[in-house]
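S.K.: Here is how the chains run, residue by residue.
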Amino acid sequence: MKRFRVPNEHEAVERSWEVVRAAYEAREPVTWPRRHARPLVAGALVAAAVAAVLSPPGRSVVHSLRKAVGVENAQTELFSLPARGRLLVSGKGGTWIVNADGSRRRLGAYRDAAWSPSGRFVAAVKRSELVALDPKGNVRWTLPRRSPRFPTWTGTPTDTRIAYIAGGRLHVVAGDGTGDRAIGPAARVAPVWRPGPGRVVAYATHGKAVVYDVDGGRILMRTPPGLPQKLAWSDDGKLLLVFRPYGLRVYDRRGRVVLQDDPSDATHDADAVFAPGTHRLVIIRIHGLASDVFTGRNGRLLYRGSGALRQLVFSPGGRWLLVTWPTANQWVFVRVGRPRQIVGAARISGQFGGYPRAVSWCCGR
Amino acid sequence: MAGSGRDERAWVRRAQAGSVSEFEALFRAHWGPAYRAAYLVVRDASAAEDIAQEAFLSAVRTLDRFDRRRPFGPWLHRIVVNRAIDWARARALRPEAEAVDTPAPERPEHDEELLRELDRLSPEHRAVIVLRYLLEYTPGEIADLLELPRGTVNSRLRRGLDHLKERLE
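Note that the protein sequences, when read in sequence, are chains A and B. Going by the numbering used here, the first sequence opens with residue 84, and the numbers climb by one from there. Going by the numbering used here, the second sequence opens with residue 22, and the numbers climb by one from there.
Just chain A, with the same shape it has in the complex (with noise of 0.2 Å):
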């Protein structure tokens, strides 16, 4: 087989290195410091830890480097979001919802949480109950369950659905709290209910994503195998997202694969979004001590971090796009469209009670 050679292989190869040669050759590509800009943290980062062990004064250098990784003058704390909307975030200092002011408010010690589809209330979960909250943290309800994770809320203002996983199973429940019913075996990979009319939720189970018909009973797809980090639906339900850190597909309706996308070797994908509205993939790729954040289809760096950047998390309206970057214990909002811009807020895990996870940002109210 060795051998083998295709018929016309030479044309082809020339037809083909003309259109490679030409994106070649339009691509921006990255100047020589930046390009050396791993290798110089690297060493800086090895440099100031051996001096931190060996000296007092050693420990200022630490201070100084870790100042020096993030956004300059960034705000020294998240004094307003720069868009209209809540945020809300979880982690281990618990459940959190930030204002379009700055204002925050801990609805109390909730490790996962979730808006409901209007945004006028909350799920979340503690270590044996799932809870409905209003956002002044005022409980609704609560449905005692061995160990939930993953709340996540779909439907109308009068007839909504929670998706969460507990024991090892998918379970679903009325916006009301009744009516609770195991679906089936689940993995701990954060369900996601398909937007537009239906009850159908994506979720992971023995290795795969399957898509799930709630009032039909039955399954819709199943993609091939590989245990999905996390699963996400375009806007209009047309598309689902399968992330891996070693290989992301996106689906269409019908299970064909419509979109791919395998980091390198040694690099690794931290995190993917749809854009609001698009079918278009903003992806955060780390590779040795940087992250980049991209669009999917053309490659267009929207940012660059040195260390891991986490997490991705989109305004209402998607004008802008929230990193999180616990190296640099910071988020910075880029603006995406132009003219470009960056916002940092420094010092998070201070005022969250660790550093914590951009759950979404609702809604515009």
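Mixed in with the good hints there might be a few duds.
Said to hold, decoys possible - One side of the interface only, derived from the structure: several residues of chain B facing chain A at Cβ under 7 Å: (1) Trp52; (2) Glu70; (3) Gln74; (4) Phe77; (5) Arg82; (6) Arg91; (7) Trp96; (8) Arg99; (9) Ile100; (10) Asp107; (11) Glu168; (12) Arg171.
For the record, the hints were derived by calculation from the structure and aren't laboratory data. Since the structure is predicted, the reported quantities are computational estimates derived from the model, not experimental observations. We put the CB at the ideal spot given by N, CA and C, even for glycine.
Given the structure of chain A, go ahead and fit chain B onto it with the hints provided.
M.R.: This is chain B only, laid out in the frame that chain A set:
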């Protein structure tokens, strides 16, 4: 064929720096195997050309982020073979879409027969045979490339080879 690991790392490094000639060396070293692999899975020269070309365009888009300590070939072949399988599956669902492009043979008779029998296999079986015997990956490497359990790769290889042996004997 692809150059040595050291050549390849140098090509990638200089291509990242903007050298067209080094990028061309990388392209010419890898395009042929990628194109042939795609062709053997999809059996359509135009589609194979598109698939190999699109894989290289993807490489251009992510060149700056490429980790040059790692080999370029497996990364490229993963994209090519997965896309080829998707294309072949899609065509199987709409066979009326277009006729298969089978160019005039300029091969020994045995190759012709082998290709015809290869064609009778599913795209998934063709892909593992191509990865094993054209691109010379080990079953473990194929499992990584296609994100399949190793046992699945072995059984596809076994079934594919059994079929070819039976038909060609």
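S.K.: Does Trp96 of chain B pass the interface check with chain A, least Cβ-Cβ distance below 7 Å?
M.R.: holds, 5 Å
S.K.: Classify the hint on Trp52 of chain B as holds or violated, based on whether any CB of chain A lies nearer than 7 Å to its CB.
M.R.: holds, 5 Å
S.K.: Using the nearest Cβ pair, does Arg82 of chain B come within less than 7 Å of chain A?
M.R.: This hint holds: Arg82 of chain B lies near chain A, its Cβ roughly 3 Å from the closest one there, short of 7 Å.
S.K.: Quick check on Glu168 of chain B please, does its C-beta sit within 7 Å of some C-beta on chain A?
M.R.: holds, 5 Å
S.K.: Should the interface hint for Arg91 of chain B be scored as holding, given a Cβ-Cβ cut-off of 7 Å against chain A?
M.R.: holds, 3 Å
S.K.: Under 7 Å is the threshold here; is the Cβ of Phe77 of chain B close enough to any Cβ of chain A for the hint to stand?
M.R.: Phe77 of chain B check passes; min Cβ-Cβ to chain A is 5 Å, inside 7 Å.
S.K.: Can Ile100 of chain B be said to touch chain A, with a Cβ gap under 7 Å?
M.R.: Where the cut-off is 7 Å and the nearest Cβ of chain A is about 6 Å from Ile100 of chain B, the hint holds.
S.K.: Under 7 Å is the threshold here; is the Cβ of Arg99 of chain B close enough to any Cβ of chain A for the hint to stand?
M.R.: Hint holds; Arg99 of chain B Cβ to chain A Cβ min 5 Å, cut 7 Å.
S.K.: Under the criterion of a CB-CB separation shorter than 7 Å, is Arg171 of chain B in contact with chain A as hinted?
M.R.: violated, 12 Å
S.K.: Does the closest beta carbon of chain A sit nearer than 7 Å to the beta carbon of Asp107 of chain B?
M.R.: Nearest chain A Cβ about 5 Å off; hint holds.
S.K.: Grab the minimum C-beta distance from Glu70 of chain B to chain A and call the hint holds if it beats 7 Å, violated otherwise.
M.R.: Because about 5 Å separates Glu70 of chain B from the closest Cβ in chain A, which is inside the 7 Å limit, the hint holds.
S.K.: Does the nearest C-beta of chain A fall within a distance shorter than 7 Å of the C-beta of Gln74 of chain B?
M.R.: Holds. Min distance 4 Å.
Of the numbered hints stated above, the single one contradicted by the structure is hint 12.
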